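Novice: In case you want the letters, here they are:
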Amino acid sequence: MTLLRILTVLLAAGCLMGITTRSEEFLPDPDQEAKARTIMEDLRCLVCQGQSIANSDADLAHDLRVIVREQVAAGKSPDEVKQYMQARYGDWVLLKPPVKTSTYLLWLGPLVIFIAGGVVLFLSARRLKREGGDSLNTPEAGSGDDIL
Amino acid sequence: MSMRSKIYLILPVLIFGVLAVFLYKGLWLNPEELPSPLIGQQAPQFDLPPPRGADAGFKTADLHQGKISLVNAFASWCVPCHAEHPLLMELQRETDIPIYGINVKDKPEDAEAFLTRNGNPYNGVGADLDGRVSIDWGVYKYPESYIVDGDGKVLYRIIGQITRKTIQDIILPMAEKYNGQAAQS
Numbered sequence: 004m005t006l007l008r009i010l011t012v013l014l015a016a017g018c019l020m021g022i023t024t025r026s027e028e029f030l031p032d033p034d035q036e037a038k039a040r041t042i043m044e045d046l047r048c049l050v051c052q053g054q055s056i057a058n059s060d061a062d063l064a065h066d067l068r069v070i071v072r073e074q075v076a077a078g079k080s081p082d083e084v085k086q087y088m089q090a091r092y093g094d095w096v097l098l099k100p101p102v103k104t105s106t107y108l109l110w111l112g113p114l115v116i117f118i119a120g121g122v123v124l125f126l127s128a129r130r131l132k133r134e135g136g137d138s139l140n141t142p143e144a145g146s147g148d149d150i151l
Numbered sequence: 197m198s199m200r201s202k203i204y205l206i207l208p209v210l211i212f213g214v215l216a217v218f219l220y221k222g223l224w225l226n227p228e229e230l231p232s233p234l235i236g237q238q239a240p241q242f243d244l245p246p247p248r249g250a251d252a253g254f255k256t257a258d259l260h261q262g263k264i265s266l267v268n269a270f271a272s273w274c275v276p277c278h279a280e281h282p283l284l285m286e287l288q289r290e291t292d293i294p295i296y297g298i299n300v301k302d303k304p305e306d307a308e309a310f311l312t313r314n315g316n317p318y319n320g321v322g323a324d325l326d327g328r329v330s331i332d333w334g335v336y337k338y339p340e341s342y343i344v345d346g347d348g349k350v351l352y353r354i355i356g357q358i359t360r361k362t363i364q365d366i367i368l369p370m371a372e373k374y375n376g377q378a379a380q381s
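Chain order of the listed sequences is A and B. Residue 151 is where the first sequence ends in my numbering, and the numbering goes up by one at each step. Residue 381 is where the second sequence ends in my numbering, and the numbering goes up by one at each step.
A hint or two may mislead.
Claimed, not checked - The calculated lysine-lysine pairs, modelled on DSBU-like cross-linking and capped at a C-alpha distance of 30 Å, are:
1. B/221 - B/263
2. B/301 - A/79
3. B/202 - B/255
4. A/38 - B/337
5. A/103 - B/221
6. B/349 - B/337
7. B/301 - B/349
8. A/38 - A/132
9. B/349 - A/85
10. B/361 - B/255
11. B/255 - B/337
12. A/79 - B/202
13. A/79 - B/337
14. B/202 - B/263
15. A/85 - B/361
16. A/85 - B/255
17. A/99 - B/361
18. A/79 - A/103
19. B/255 - A/99
20. A/85 - B/337
21. A/132 - A/85
22. B/202 - B/337
23. A/103 - B/349
24. B/337 - B/301
25. A/132 - B/301
26. A/79 - B/263
27. B/221 - B/255
28. A/38 - B/303
29. A/103 - B/301
Said to hold, decoys possible - Computed, partial: chain B to chain A, Cβ under 7 Å:
30. 233
31. 235
32. 236
33. 242
34. 245
35. 334
Note that these hints are calculated values from the structure, not bench results. Owing to the predicted nature of the structure, the values given are computational and were not obtained by experimental measurement. All C-beta atoms, glycine included, are put in the ideal place defined by N, C-alpha and C.
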């Protein structure tokens with residue numbers, strides 16, 4: 004029984020350690036902390052490229068989180084913090100790529116393809132309607148009626 | 197078959213062909229090598245004291261001496277840095293390209309042990325204890341090296357370990373070209 008208790012406590016402690024793998028100083032002001040978190044969500048972890056720095060355990064991600072918190076505490080706006088990161092790590096550090104000349108294709112491409120698809124669909128539907136009336140001759144139409 | 201329906205038949209093949217070419221090229225890109233926004237810009241401003249075991253520190257003004265130089269971010273905790281170091285020693289012995297080091301987030305005793313064990317190829321080396329200077333350089337993978345021209349402008353970034361090939365194909369040609377031009381003018 005005692006063994007079971009000890010094991011339970013150890014298991015619970017293990018879970019807690021899992022949650023806080025690294026001690027981190029949060030900002031005392033919850034509003035600022037929330038603001039800092041939002042910024043972190045938008046910044047890419049350079050080491051583990053699929054993740055944001057908010058949920059990465061990499062050393063660099065930790066250092067960048069510290070910088071984000073510092074700058075938020077110093078009253079910097081989210082854009083200013085992101086500019087700081089962008090100046091050092093390029094557009095890549097932003098999980099959402101900025102809209103600019105070199106990324107027009109990226110942002111507008113899907114829309115262009117969607118509209119093009121719509122146009123093709125519309126044109127071919129119209130043509131089918133126009134030609135379809137002629138091509139479906141009476142005997143065929145009749146046989147359709149028979150089946151129904 | 198009309199001309200128009202022939203075009204419709206060929207179109208998917210063409211689209212596939214264009215896509216295939218781009219995707220094939222994409223296969224050979226290395227997603228770990230990110231472009232640096234620092235290329236073509238002035239190196240960041242900093243002034244770092246030397247770590248224990250080195251005499252000369254490293255500051256921005258060191259990069260304004262009219263000669264191309266190599267800046268190398270390294271640490272004792274970075275395994276490929278140990279493997280790379282003999283090449284830096286060789287570069288220092290056999291060429292006159294100044295090499296500067298940024299020792300990132302090392303304990304003083306670890307930095308000293310690293311330089312004692314592997315040698316010190318650096319004309320100046322700065323102890324970047326909190327890693328802020330390496331963040332200013334945009335370093336994200338260790339080791340990382342930068343080629344900087346004689347006026348402190350960053351020309352090139354080498355991500356990861358410097359190899360003999362990097363030295364032959366990039367560092368030496370760039371140094372030769374730049375220092376040659378500087379000598380003429």
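Novice: All the hints need checking, so say for each whether the structure fits it.
Specialist: Results for each hint:
1. B/221 - B/263: Distance ~36 Å between residue 221 of chain B and residue 263 of chain B Cα, so the pair is violated.
2. B/301 - A/79: Between residue 301 of chain B and residue 79 of chain A the Cα gap is close to 26 Å, so the pair holds against 30 Å.
3. B/202 - B/255: 67 Å, violated
4. A/38 - B/337: 28 Å, holds
5. A/103 - B/221: 24 Å, holds
6. B/349 - B/337: 21 Å, holds
7. B/301 - B/349: Holds - the C-alpha atoms of residue 349 of chain B and residue 301 of chain B are around 25 Å apart, at most 30 Å.
8. A/38 - A/132: 56 Å, violated
9. B/349 - A/85: Holds, at about 24 Å.
10. B/361 - B/255: 28 Å, holds
11. B/255 - B/337: Given pair residue 255 of chain B, residue 337 of chain B holds - Cα atoms ~21 Å apart, limit 30 Å.
12. A/79 - B/202: 60 Å, violated
13. A/79 - B/337: Distance of about 27 Å is within 30 Å: holds.
14. B/202 - B/263: Answer violated: residue 202 of chain B to residue 263 of chain B is near 62 Å, above 30 Å.
15. A/85 - B/361: 36 Å, violated
16. A/85 - B/255: 26 Å, holds
17. A/99 - B/361: Distance of about 36 Å is beyond 30 Å: violated.
18. A/79 - A/103: 24 Å, holds
19. B/255 - A/99: 35 Å, violated
20. A/85 - B/337: 20 Å, holds
21. A/132 - A/85: Answer violated: residue 132 of chain A to residue 85 of chain A is near 54 Å, above 30 Å.
22. B/202 - B/337: 52 Å, violated
23. A/103 - B/349: Within the cut-off at roughly 26 Å; holds.
24. B/337 - B/301: 13 Å, holds
25. A/132 - B/301: 72 Å, violated
26. A/79 - B/263: 38 Å, violated
27. B/221 - B/255: Judged against 30 Å, a Cα distance of about 40 Å means the pair is violated.
28. A/38 - B/303: It is violated: about 33 Å lies between the C-alpha atoms, which goes past 30 Å.
29. A/103 - B/301: 36 Å, violated
30. 233: This hint holds: residue 233 of chain B lies near chain A, its Cβ roughly 4 Å from the closest one there, short of 7 Å.
31. 235: Violated: closest Cβ of chain A sits about 10 Å from residue 235 of chain B, beyond 7 Å.
32. 236: 12 Å, violated
33. 242: 13 Å, violated
34. 245: 20 Å, violated
35. 334: 4 Å, holds
Of the hints listed earlier, those the structure fails to meet are numbers 1, 3, 8, 12, 14, 15, 17, 19, 21, 22, 25, 26, 27, 28, 29, 31, 32, 33 and 34, in rising order.
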